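Student: Listed below are the residues making up each chain.
There are 4 protein chains.
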Amino acid sequence: MPDETGLAMTVDELNELIISQFPDYAACRVAEVSATRLLLEADGEKLRTRPGGTISGPEQAGLTDLGAFLLINARIGRTLMALTSSMQVNFLSRPRPGLLRTEVRLAKLGSRLCVVLAELRDEPGGLVATATLTYSVPPPHQR
Amino acid sequence: MPDETGLAMTVDELNELIISQFPDYAACRVAEVSATRLLLEADGEKLRTRPGGTISGPEQAGLTDLGAFLLINARIGRTLMALTSSMQVNFLSRPRPGLLRTEVRLAKLGSRLCVVLAELRDEPGGLVATATLTYSVPPPHQR
Amino acid sequence: MPDETGLAMTVDELNELIISQFPDYAACRVAEVSATRLLLEADGEKLRTRPGGTISGPEQAGLTDLGAFLLINARIGRTLMALTSSMQVNFLSRPRPGLLRTEVRLAKLGSRLCVVLAELRDEPGGLVATATLTYSVPPPHQR
Amino acid sequence: MPDETGLAMTVDELNELIISQFPDYAACRVAEVSATRLLLEADGEKLRTRPGGTISGPEQAGLTDLGAFLLINARIGRTLMALTSSMQVNFLSRPRPGLLRTEVRLAKLGSRLCVVLAELRDEPGGLVATATLTYSVPPPHQR
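Residue numbers (the numbering used here), protein chains in the order written: chain A, 1 to 143; chain U, 1 to 143; chain R, 1 to 143; chain L, 1 to 143.
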């Protein structure tokens with residue numbers, strides 16, 4: 001049940017959700033959350049790389065997907081039934097080693113479909129990737 | 001250098017490329033390749049899952065990305081400089097456990113940009129996901 | 001109500017739908033339809049061009065969107081409540097003047113969401129564009 | 001040649017470009033431009049509608065495409081050789097009648113590839129659509 005901030009989960013609860021359900025993303029933690037925005041931080045050294053040493057594209061996509069999932073959970077309450085229906089990612093530059101920040105924003109929270117925009121930045125703040133994700137969510141009376 | 005079939009690499013060479021450069025994708029092997037199409041098979045039991053036990057979306061995206069990379073290498077010769085510039089994936093149904101087949105087709109092989117279409121199917125043949133990937137490739141005189 | 005072929009509308013009924021509801025697409029007509037595929041033909045001379053004389057990208061996108069809309073109508077029965085929720089188009093080459101053929105295939109017909117793949121070809125058969133469209137459709141009991 | 005603001009074209013020059021080269025978009029005019037952002041305004045009453053009276057999806061896509069084209073021209077100088085290579089649009093809500101504002105932002109201006117993010121809003125400010133467009137541009141020495 002969302003509180004007066006519009007949120008149904010705290011940062012700590014979101015981080016517990018990562019630990020208990022997403023062991024492949026143990027390098028990630030939620031730094032901030034509001035009703036329309038979530039910031040996820042990841043240690044780039046612990047992510048999958050591709051030949052040449054840069055972080056793999058699907059791993060970058062995975063960060064935006066995890067961020068979107070967590071923001072939707074923060075809004076509608078903890079549910080594993082929020083399912084990615086599409087992801088679209090543009091890779092803009094190779095991330096510098098170190099911290100990666102994934103910022104996700106809610107563009108639409110519909111009764112069955114959500115749209116989330118994501119931006120991935122490395123430590124100096126350079127834009128590494130942008131993404132748009134759509135999620136299928138349980139209808140309000142089943143949440 | 002491509003031979004008369006239009007291919008610069010054999011199935012065996014592509015599989016050696018997976019083993020030497022993509023250890024995260026050890027569950028995958030190339031089953032077939034032609035000048036415009038490649039079939040990649042993966043043991044779904046060895047892929048990353050998400051809560052609920054199904055194969056994670058980014059992992060499915062990764063299969064289509066690997067297939068696209070290999071098909072482009074098969075055409076232009078072994079290069080790690082073929083880089084994903086975008087990926088767009090639609091998730092249609094949850095894959096059944098077991099073998100996953102990723103079929104990639106070359107829609108465009110330009111002098112600097114390639115476009116690859118992908119379809120992911122589970123063992124009974126059901127369509128699990130479709131994807132479109134774009135790759136930035138070295139210009140012909142640098143290959 | 002779909003008949004034994006799985007179709008709820010004939011080619012003639014689909015063409016009447018274009019004429020009555022889509023006057024901007026008067027240059028288009030349905031040439032073939034089956035339960036999973038529709039072929040739309042357009043006179044390229046009557047479409048919007050962009051500077052340089054080629055057919056504009058949004059106009060190409062519009063052909064794939066119209067084809068997807070018609071195929072979904074052919075399956076679930078005439079409804080204006082099938083709404084595009086996303087379109088993703090890759091432009092591969094400039095079409096030659098003359099006939100343009102848009103082939104759309106149904107990748108998923110869900111209870112609320114449809115996914116359609118499209119390929120656009122010019123007269124010699126060259127691939128001009130590919131697209132993926134998602135549609136929100138009325139649930140079965142409201143069709 | 002860009003001036004000290006990083007711009008190679010003024011708002012007036014961009015609006016002349018619309019009038020001379022894009023007669024289908026006569027309902028549009030550039031309201032603001034900076035080195036990384038452009039605001040395009042359109043009279044929704046003069047755009048293509050679809051059955052039901054809302055502005056058609058491809059027409060919305062066209063606004064984001066035009067905005068992206070103009071912003072790239074504003075940066076690299078007037079050229080018709082900036083070509084859309086992909087467009088990805090999510091339709092979020094039906095626009096209210098009246099003014100439509102398309103805001104485009106430059107995510108990447110590479111030597112050959114540009115990535116532009118777009119948001120389309122109606123008069124009350126509601127988010128109507130988001131888009132990501134990629135453009136192929138002439139290399140710097142040919143501009």
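Worth flagging that the hints you see were computed from the coordinates, not collected in a lab.
Fair warning: this is a prediction, and the values are worked out from it, not measured in the lab.
Every residue gets a Cβ at the ideal spot worked out from N, C-alpha and C, and that includes glycine.
Be a bit skeptical, because a hint or two may be false.
So the derived label-pair ranges between C-beta atoms look like this [as the list claims (entries may be wrong)]:
| id | chain 1 | residue 1 | chain 2 | residue 2 | range |
| --- | --- | --- | --- | --- | --- |
| 1 | L | GLY53 | A | SER34 | 53 to 59 angstroms |
| 2 | A | LEU99 | L | ARG94 | 55 to 61 angstroms |
| 3 | A | LEU99 | U | PRO51 | 45 to 51 angstroms |
| 4 | U | PRO51 | R | ASN15 | 43 to 49 angstroms |
Heads up, simulated SDA-like pairs for lysine to any residue below, C-alpha to C-alpha not over 25 angstroms straight-line [what the hints assert, rightly or not]:
| id | chain 1 | residue 1 | chain 2 | residue 2 |
| --- | --- | --- | --- | --- |
| 5 | R | LYS46 | R | ARG121 |
| 6 | R | LYS46 | L | ASP122 |
| 7 | R | LYS108 | R | LYS46 |
| 8 | A | LYS108 | L | GLY53 |
| 9 | A | LYS46 | U | ARG143 |
Student: So if I understand the rule, the pair passes when the alpha-carbon distance is 25 angstroms or less; does LYS46/R with ASP122/L pass?
Tutor: violated, 30 angstroms
Student: Can the suggested window of 53 to 59 angstroms be confirmed for the beta-carbon pair GLY53/L and SER34/A?
Tutor: violated, 35 angstroms
Student: Check whether the Cα positions of LYS46/R and ARG121/R lie no farther apart than 25 angstroms.
Tutor: holds, 16 angstroms
Student: Does ARG143/U sit within 25 angstroms of LYS46/A, going by the straight-line distance between their CA atoms?
Tutor: With a Cα-Cα distance of about 32 angstroms, the restraint between LYS46/A and ARG143/U is violated, given a limit of 25 angstroms.
Student: Just tell me: holds or violated, for the beta carbon distance of PRO51/U and ASN15/R against 43 to 49 angstroms?
Tutor: At 48 angstroms between Cβs, range holds.
Student: Checking one constraint from the list: CA of LYS108/A to CA of GLY53/L, max 25 angstroms. Satisfied?
Tutor: holds, 22 angstroms
Student: Holds or violated: the 55 to 61 angstroms window for the beta-carbon distance between LEU99/A and ARG94/L?
Tutor: violated, 40 angstroms
Student: Are the Cα atoms of LYS108/R and LYS46/R separated by 25 angstroms or less?
Tutor: Distance of about 32 angstroms is beyond 25 angstroms: violated.
Student: For the hint 45 to 51 angstroms, verify it against the beta carbon of LEU99/A and that of PRO51/U.
Tutor: Since LEU99/A and PRO51/U have Cβ atoms about 26 angstroms apart, the given range 45 to 51 angstroms is violated.
The structure shown violates the earlier hints numbered 1, 2, 3, 6, 7, 9.
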